[in-house]
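Asker: When the letters of the sequence shown are read in order and numbered with the working numbering, they come out as residues 13 to 147.
A hint or two may mislead.
[What the hints assert, rightly or not] Label pairs and their computed distance ranges (CB to CB):
{"hint": "1", "residue 1": "45", "residue 2": "122", "range": "39 to 49 angstroms"}
{"hint": "2", "residue 1": "143", "residue 2": "100", "range": "47 to 57 angstroms"}
{"hint": "3", "residue 1": "136", "residue 2": "41", "range": "22 to 32 angstroms"}
{"hint": "4", "residue 1": "146", "residue 2": "45", "range": "17 to 27 angstroms"}
{"hint": "5", "residue 1": "91", "residue 2": "28", "range": "16 to 26 angstroms"}
{"hint": "6", "residue 1": "125", "residue 2": "46", "range": "46 to 56 angstroms"}
{"hint": "7", "residue 1": "29", "residue 2": "140", "range": "43 to 53 angstroms"}
{"hint": "8", "residue 1": "74", "residue 2": "114", "range": "50 to 60 angstroms"}
{"hint": "9", "residue 1": "114", "residue 2": "138", "range": "28 to 38 angstroms"}
{"hint": "10", "residue 1": "106", "residue 2": "143", "range": "24 to 34 angstroms"}
{"hint": "11", "residue 1": "145", "residue 2": "90", "range": "15 to 25 angstroms"}
{"hint": "12", "residue 1": "49", "residue 2": "132", "range": "12 to 22 angstroms"}
{"hint": "13", "residue 1": "114", "residue 2": "48", "range": "13 to 23 angstroms"}
{"hint": "14", "residue 1": "92", "residue 2": "133", "range": "43 to 53 angstroms"}
No lab work stands behind these hints, which were simulated from the structure alone. For glycine and all other residues, C-beta sits at the position ideal for the given N, C-alpha and C.
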Amino acid sequence: MNGIKSTSEIRALLATGRSHIERDGFEIELQLNERRDRLFFMTSVFDGGDYIPLSVRQCLKEGALTSFDRTGRITLKIDESGYRVLLSYEVQFTSDGVSSLDSLLNEFLLVASDWSSLLNDRGNRDLVYIFAPRN
13 MNGIKSTSEI RALLATGRSH IERDGFEIEL QLNERRDRLF FMTSVFDGGD
63 YIPLSVRQCL KEGALTSFDR TGRITLKIDE SGYRVLLSYE VQFTSDGVSS
113 LDSLLNEFLL VASDWSSLLN DRGNRDLVYI FAPRN
């Protein structure tokens, strides 16, 4: 896994309270709250194109989240207009927390990857295959 390699990413986060990172196939937005004591990681873990399958919605309702989130810091939300499922992860942040930013990012990427795999697997169960007759 690739962590935060550019100091410009960290500088952007500290200067503006926001940064955008692309790692392991995920576009991750980092955002500090106004008091700069909470850090939010956000990414899309499911892209339905123009439809969110019922099995994906059901998976989110079933409480599968508890098997991935023992910390209570993870939130999943359906973006109805974008046909996506968004994952956000909230952690406490201090100025000396910059050194642990890379390990937090790696932890987030593991959770995002697990959710993406699970939701894509569930979404594929709703596919209807149509076979054309051979002439």
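Asker: Would you mind marking each hint as holding or not holding in the structure?
Answerer: Now the hints, each set against the structure:
1. 45 <-> 122: 39 to 49 angstroms: violated (24 angstroms)
2. 143 <-> 100: 47 to 57 angstroms: Violated: the Cβ-Cβ distance is about 40 angstroms, outside 47 to 57 angstroms.
3. 136 <-> 41: 22 to 32 angstroms: holds (27 angstroms)
4. 146 <-> 45: 17 to 27 angstroms: violated (60 angstroms)
5. 91 <-> 28: 16 to 26 angstroms: holds (23 angstroms)
6. 125 <-> 46: 46 to 56 angstroms: violated (30 angstroms)
7. 29 <-> 140: 43 to 53 angstroms: holds (45 angstroms)
8. 74 <-> 114: 50 to 60 angstroms: Since the Cβ atoms of residue 74 and residue 114 sit about 33 angstroms apart, the hinted range of 50 to 60 angstroms is violated.
9. 114 <-> 138: 28 to 38 angstroms: holds (37 angstroms)
10. 106 <-> 143: 24 to 34 angstroms: This hint is violated: roughly 58 angstroms between Cβ atoms.
11. 145 <-> 90: 15 to 25 angstroms: 38 angstroms Cβ-Cβ, so the 15 to 25 angstroms window is violated.
12. 49 <-> 132: 12 to 22 angstroms: The hint (12 to 22 angstroms, Cβ to Cβ) is violated, given that residue 49 and residue 132 are roughly 34 angstroms apart.
13. 114 <-> 48: 13 to 23 angstroms: holds (19 angstroms)
14. 92 <-> 133: 43 to 53 angstroms: violated (22 angstroms)
Checked against the numbered hints given earlier, the structure breaks hints 1, 2, 4, 6, 8, 10, 11, 12, 14 and satisfies all the rest.
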